[in-house]
Amino acid sequence: MDKKLSSDLLRGHTDTIILKLLMGGDKYGYEIIKLVYEHTLKLYELKEATMYSSLKRLEENDSQITSYWGDETHGGRRKYYHITVSGRKLYKENVQNWEYTKQILDQLIIN
Amino acid sequence: MNNKLTNYLNGVFVPYDGVKSVAELKADLLSDLQERFRELKAEGKDDETAFEMTIDSIGDIEQTIQDVANLSRSLERQVLTNFSASNLPKSDFAGVTAHKGKFEGSALRGSDFAGADLTGSSFKSSDVREANFDGTNLTDCTLSAIDLADASFNKTILVRTEFSKLGLAGAKFIDVKLIDVKLTMIDLRKTVFENCTFNGVDFKYSDLRGLCLDGQTFIGVKFDGAALNKVTFKGATLRNVSFRPAFALTNRNYLALKTISFDGAIMDKLTYAALKGLGVDFDLSKVTVI
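From first to last, the protein sequence lines stand for chains A and B.
The working numbering applies: residue 50 is where the first sequence begins, and numbers increase by one.
The working numbering applies: residue 390 is where the second sequence begins, and numbers increase by one.
To be clear, the hints were calculated from the coordinates, so they are not data collected in a lab.
Take these hints with a grain of salt, some might be off.
[Unchecked claim] Listed next, the stretches of chain B that the computed footprint assigns to chain A, with coverage defined by at least 3 CB atoms under 8 Å from CB atoms of chain A: (1) 420-431; (2) 448-459.
[As the list claims (entries may be wrong)] Only part of the chain B face toward chain A is listed, based on derived beta-carbon distances under 10 Å: (3) E413; (4) L414; (5) A416; (6) D591.
Just so it is clear, CB atoms sit at the ideal spot from N, CA and C, and this is done for glycine as well.
Isolated chain A, as found in the complex:
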């Protein structure tokens, strides 16, 4: 049986996915997209638009992330994103909420 990846379900967790990646170190936009692509075994490609919606929202609202321009590389300047203390806290909350939701979902659609 063919399995399909539910992109809609993934998209709802874009904030958490990005926060998780930034927990491992500062990253620039396209780097985040490439990592998501690799980590999902090339099954899910985050769109630029979806990612920047999340990045800008996280940066603006309660500054869960901050950004800075990196040094000049051969391809031009890159803007790096950095997770703040409040961002780490949000990540932990989101993980807990997801664990809980997952249990309830299993209860509803599997068990």
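Dock chain B against the given chain A, drawing on the hints supplied.
Frame of chain A, contents of chain B only:
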């Protein structure tokens, strides 16, 4: 090829030129797209395919741009002309340009806005009595819950201007061309209109009782639900004008409409038929139908 990406993004972002946060998003995006394009080329894709794939990776960017613009709009709005909560009676604003200016909760009694360009500005909850708007450009302005008593509107530019729920007693509109203007829910009984042209004007739910509108021109005007007792349209020109009463044609509404005077007015067949169709026994004997 880099130019092609830049041109593409310029096209997408053009409606938001000048919004700082959006310009930053554009720079982020451009650097990502350039890197992706280079990688695709390195994999052996030709220019055309690499460009298509790069553009395809963006997704629904218009929504994102709007989100970003909305996030920062509250901050950037503050740099606009903002005279809210200011005490500025008898101030001189003659000839100024203040697009999207804000005048909320301001005391502006007797202020002079003659010849000013206030396109897109808003006046709310302010005292603007006796103010001078002669020759002022009030295109796309919204005026509500303010007092404009005895204000002067001489040759004022009124395009899509919205007046609602405000005081206009003693205000004078002279030689004004009102285009797609809204004058809704206003007591106009003591307002003066002289030598004006009303094009697409909406008088919904306003009180025009006893008003003299003689000799003026009305094209595509709506008087729906307005109080029109004893209004005179003597020698006026009316084309495609609508007079629908607020609710059913009750006795009271019937009597109110019957008091309107159309002596010597010129009207098109549409307006004439609409008046006849109301079932009110108007005296239309002195009307010229064109």
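Cross-check of the supplied hints:
no., hint, result
1, 420-431, "holds (count 7)"
2, 448-459, "holds (count 7)"
3, E413, "holds (8 Å)"
4, L414, "holds (6 Å)"
5, A416, "holds (7 Å)"
6, D591, "violated (39 Å)"
The structure does not agree with numbered hint 6 stated previously, though it agrees with all others.
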